[in-house]
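S.K.: Here are the chains, one letter per residue:
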Amino acid sequence: MDPELGEEVPVASIDKELRKLWEADEVHTNASLINLVTCSEQTGSLRQNSAIIRELTREHACRAILVEFDRTVEIPSIRAWITAHCHLAEGKKSVCCEQIAFVFTGRVTGRFRNTVFGHLNSDLPLVFWWQGELSDVFRERLSSVIDRLVIDSSSWADPVANFVRLNEAVASSTLDLVVQDLAWTRTWQYRLSLAGMFDDPVALSALPSIETVRIVHHPKHRSSALQLLAWISIQAGWRQGLGLAASHEGPVETFPLESKSGHAITASLEADESSAPLGLLELNAPGVTVRISRTAGAAHLLRELITSANSQTSLAPADPDDDAGLVGAQLARGGKNTLYRKVLPRFLELLGD
Amino acid sequence: MTNPFREDLVSRSRPESCTVVIFGATGDLTHRKLVPALYNLAVDGELPTGVKIIGFARREKSDAEFREGLLELNRKVSRSGHDDAIWGPFSENISYHQSEFTDPDGYKRLAERLDAIDQERGRKGNRLFYIASAPEFFDPILISLKEAGLNEAAPGCWSRVIVEKPFGTDLATAKHLNEVVNATFHESDTYRIDHYLGKETAQNLMVLRFANAIFEPLWNSRYISHIQITCAENLGMEGGRGGYYDHAGALRDMVQNHLLQLLSLVAMEPPTDLSADGVRDEKVKVIRSLRQWDTPEKVAANVVRAQYTAGHIDGAAVPGYREEDRVNPESTTEAYVAVRLLIDTWRWSGVPFYIRMGKRLPKKSTEISVHFKPAPCVLFNALPGGVPGGNVLVIRIQPDEGISLRMVSKLPGTSLRLEPVKMDFHYATSFGKGSPEAYERLLLDAMAGDATLFARRDEVEEAWKFIDHIEHAWHQSDNPPPMANFTAGSWGPKEADDLLDQDGHAWRRL
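Residue numbers (my numbering), protein chains in the order written: chain A, 1 to 353; chain B, 354 to 863.
These aren't lab readings, by the way, just hints derived from the structure by calculation.
We put the CB at the ideal spot given by N, CA and C, even for glycine.
Treat the hints with caution; some may be incorrect.
[As the list claims (entries may be wrong)] When the alpha-carbon atoms are kept at most 27 Å apart in a straight line, the in silico DSS-like pairs for lysine-lysine are as follows:
hint, chain 1, residue 1, chain 2, residue 2
1, B, K638, B, K651
2, B, K818, A, K16
3, B, K518, B, K763
4, B, K499, B, K429
5, B, K818, B, K638
6, B, K518, A, K20
7, B, K518, B, K638
8, B, K405, B, K477
9, B, K518, B, K405
10, A, K20, B, K763
11, B, K518, B, K499
12, A, K16, B, K775
[Unchecked claim] Counterexamples of contact, computed for chain A against chain B with all Cβ distances above 10 Å:
hint, residue
13, T29
14, R111
15, V137
16, D199
17, V202
18, T295
19, L339
20, R346
Model the full structure from these sequences, guided by the hints.
M.R.: So, in structure tokens, the structure goes:
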């Protein structure tokens, strides 16, 4: 018995062993709204992911299937463990979610897809969380059966190559595959706050005369910062500055943009080791500053609207820093993520720069 | 110019920043519901920036004292818990305005105060007046707002009013109040709140009916035997509520508003769109189609009223209704009511709807149960004993919000034995995250100008028209239907059971 992964069972007996798990105890409710599959090629990922699933199932009942590919062993094998994550609902009812964990060794092709899909709960949507680079295994016709694909482009060493693979997968999907990038999720509360602040007529009237955009981010989260900038520029109708190239000086990247009316806007991204994933977003127009900031680890964003006449400050929730919180936030929102699709081409342009 | 950053971001109407003026700010509703709701919106980042809250009430209080009282209650009742980091900046936007509700000078000072806020903001602002005072002050507050010019919004801004229940005590008073409201605010700026409509399951009713293809084809007299709506409370008149309740009664306190609203959501036709008037047009047609119990005889045949006598709830002895605090010992007010309703439309012809509401019932529960007709009497129904009960779809409004479906299944074994089984969906089990409080959603909707979940003038008046006939038979006719009794802690009087028994039905056991 593994304290985190539960009981090791023969792969052929997983369903039988799961049934036993429930027959033994009548006080638990088995709940599941989705199939959630996590895939990682990192050794030791199963236990980390099991801990994440335990947190996630507090709010999102699912059948979890955890997969780890162990590339260090060449002989093909599959090991499986089963357990359940139980939580008290409203202080009285114990609600449990099943978890099946697999370790694949050796050549994976063929076995992986069939083994995982043989243990999905029928009719429930499949959320597939691919951790790390999109390797060849990802290409194995997986995208054709996934409803929702969770990735984190911040973790990619070569984002351009990975996005090419991702676009191929989306194009070949027979379903309406929804891609949920955790790097994009990290921008959610910043986007909400910015939208809320531009509800103010003073801020809105200053939008056409924005001159600078400044984003401070943690070096690991450049992808989020670029996606935030891509979203702002798309929504505001800004173009990339014609004939001007992006520049990079130390930790600061500068992107020349151009407003609808043709005036120049300078956007800068600053990497700072002490920053939260996204530490600052500041838009400046003559006489008006819209600023959203977060200190590392803080639970709230500080929103400031500063005009020559006065200033308003308020707090807003910050996006979670942990993966469980980010995936949970994505699952809670659902939707088709059309905005991400809309922003992606601009993001890739900025990324290419 | 529209805010481009809002585009594609959130699929709901956009709430706009405003100053919320709460009349009756020292009352329970403000402390327990309204301010905690606004606070929770701030916690979730849903409250627009720059929202100010002014509490308007008669007692002498400083801003600090007012905030202190709100803080104390928020710590106890806030859905998301209390966080000083959020409360600090949130409470800086709360202030207190002392005035009598009838004092013109108080409103003049309020107008000056609102102007000062506008000046501080550097522009004119939106205003949301929330009338949470005792009902006798509704008229003077509305009239005074008009006299002070506070009902008129500056160009490009809005001025709205939310009116709490009770919205009148009968058709005449409701009409009068509507006239006063509409003489002060445009109907489109008037939000008559019914917090039941803000509850998650009530909102889910339309989704259940119109987003699932399997229910709507069965949702008619061909397949449905009858529908029950139950609102059971185990509380009595604790906390001095007898004073209000003994003047209102179960019919006016709950049926006229909450339960008829639920009825209209269950029975309405699909709206042409999800706009406020699209939905409310269909709801009001249901209320308008109710067969009227307009004689004492019809009331006696279709309505049961009752009071509870002393009994036990959860093992504790409880007094009878007439022995309760602040209740007239000779009271003729009903603490329980059961009504058979018929909706004269093609869809519902011949399908009775039964509504019951009572105090001091065994437990607290509000639910709608849709009872389907039995399967044709062939095959399994021809077996000895037939099929054990028809299908029942239950929509639980509170507590434990959710939906269940009862169906019949074969018991495992070599012989053919049938038993009912239940498919159950619990919000709390499936979605671990708690639903927002009804007031959170409704306040946000009012700030967004979305009146879908608020009652319109004609809905309120049509509901009162139906209720008035019953009240008239009870209190003004020469031959009033009798008052039944039941023991506190039981499921109501025998007469209510008989009401369904006449039709071959029985109340669902909760």
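S.K.: Of the numbered hints stated earlier in the document, which are not met by this structure?
M.R.: 2, 3, 4, 6, 13, 16, 17 and 19
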